[in-house]
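Q: Throw the hints in and build the complete structure from the sequences for me.
Take a look at the letters that make up each chain.
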Amino acid sequence: MHIPDGILSTHVWVPLAAGGVGAVALAARAARKRLAEESVPLIGLMGAFVFALQMLNFPIAAGVSDHVVGAGLLAVIFGPSVAMLCMAAVVTIQALVFGDGGIAALGANVVNMAVLSTLTAWAVYHALKERLPNVAVVAATLLGVLAGAGGAAAWVMLSQPYGAKFLGAMVLTHFVSGMVEAAVTLAVVKTLRAAGLVPGVAKEVAR
Amino acid sequence: MKLTRGQSLTLLGCAVLVVAGILSFFAYPFPDALEDSLEQHRAADGMPAGSDPSPSPTGETTEATGTWNAPFPDYAVPGVENEGLGGALAGILGAAGTFVVLLLLLSLLSRNSAAPSPFAILASICRCRSIRAAESEPDARRDRAGRMRRGPSHVAVSPRPSNTAGGPRRRPGHG
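Residue numbers (my numbering), protein chains in the order written: chain A, 114 to 320; chain B, 2 to 176.
Treat the hints with caution; some may be incorrect.
Taking CB as the label site, the calculated pair distances span [as the list claims (entries may be wrong)]: (1) B:Ala45 <-> A:Gly135: 33 to 43 Å; (2) B:Glu84 <-> A:Ala175: 19 to 29 Å; (3) B:Phe31 <-> A:Lys146: 42 to 52 Å; (4) B:Trp69 <-> A:Pro128: 14 to 24 Å; (5) A:Ala143 <-> B:Leu12: 24 to 34 Å; (6) B:Phe27 <-> A:Met292: 13 to 23 Å; (7) B:Leu18 <-> A:Gly313: 25 to 35 Å; (8) A:Val284 <-> B:Ala44: 18 to 28 Å; (9) B:Leu12 <-> A:Arg142: 26 to 36 Å; (10) A:Arg244 <-> B:Pro79: 50 to 60 Å.
Just so you know, these hints were derived from the structure itself, not from any lab.
For glycine and all other residues, C-beta sits at the position ideal for the given N, C-alpha and C.
A: Structure, rendered in structure tokens:
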């Protein structure tokens, strides 16, 4: 879901870069209030895990692949601010070190994957977790992926003369990959809870 | 069998290495959904797939090349011919880099450090320059504002009580 350089217009990527920087700064401020030092190693490992997972492109159609975003996973286990910081770190390293996603488009990619995906996933999870804990994880991940893809489609369509067909293709393909990611996320969250690395839903609600 | 937290974290670290270093060999080597959608619309515009995009009608697009050269473009390691091996190496490097970056970033952000941890020590190594400056002038330790002015601004984001910082105090002349 990484927008390369050469796609976005200047009047699209400049505001998005500013928005991305602002959002990450706000996330850092919010994370600072609730971050306990003993949880730092787990957060670092989960960020690395999301980086690794993003390398595993899987087929969603003949000749078309996609990869997980990881925003849903991080938002469910760490909450929005820490998840935003992790996603921003992953996306930035991908762009600067591996050329995955453009440099000018970095702000747009941070906004899509670290802000839109993460906040949508967290909001959905937060709304559903008490009544339907498993459905909450699945719905949060899927809607998070779709929010990020919708953002990417919007920025591209504001820059290029692509119409509804482009949006349709983006939503359809990311619905498929979002369903795969939802299953992966649910499995990982259950494993982490079983291992006692993250609190279960009951404990989380009580907090 | 119940694992300790340390054992669980070690297992998670192993899982990261397995995903980045082994499972990445089996990644489906075709463009992802966004790239594919972009390619198809370029083709529909009458441009050959893979060529530069059409200039935007609403403004200039950014240059596709020349702004920045990533050291490992497309998860390939220069000098490693085998694509799968290069991808695995790049994956391990990237995952390790993400871990270190987040560790440093979050250690600097986290305030309630009850006990010294390796991560506080890592953070304090980054801060040791400002600490050394502070220790060479006894007054400066009390004068936090003065210390922050002297220290490198990017590591002095979180002034905190010196006893809870957790890292070993570096004496001048050591390290």
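Q: Each hint should be assessed against the structure and marked as holding or not.
A: For each hint, the structure was consulted:
At about 36 Å, the CB distance of Ala45 (chain B) to Gly135 (chain A) agrees with the hint of 33 to 43 Å. Between Glu84 (chain B) and Ala175 (chain A) the C-beta distance comes to about 21 Å, which sits within the given range of 19 to 29 Å. The given range of 42 to 52 Å is respected by Phe31 (chain B) and Lys146 (chain A), whose C-beta atoms sit roughly 43 Å from each other. Taking the beta carbon of each, Trp69 (chain B) and Pro128 (chain A) are about 20 Å apart, inside 14 to 24 Å as hinted.
At roughly 30 Å, the beta carbons of Ala143 (chain A) and Leu12 (chain B) sit within the given window of 24 to 34 Å. Hint check: Phe27 (chain B) to Met292 (chain A), Cβ distance near 20 Å, so the stated range 13 to 23 Å holds. Distance hint for Leu18 (chain B) and Gly313 (chain A): a CB-CB separation of about 27 Å, consistent with the stated range 25 to 35 Å. In this structure, Val284 (chain A) and Ala44 (chain B) meet the distance hint of 18 to 28 Å, their C-beta atoms being roughly 20 Å apart.
Taken as a hint, the range 26 to 36 Å holds for the pair Leu12 (chain B) and Arg142 (chain A), whose Cβ atoms sit roughly 33 Å apart. For Arg244 (chain A) and Pro79 (chain B), the hinted distance range of 50 to 60 Å is satisfied, since their beta carbons lie about 52 Å from each other.
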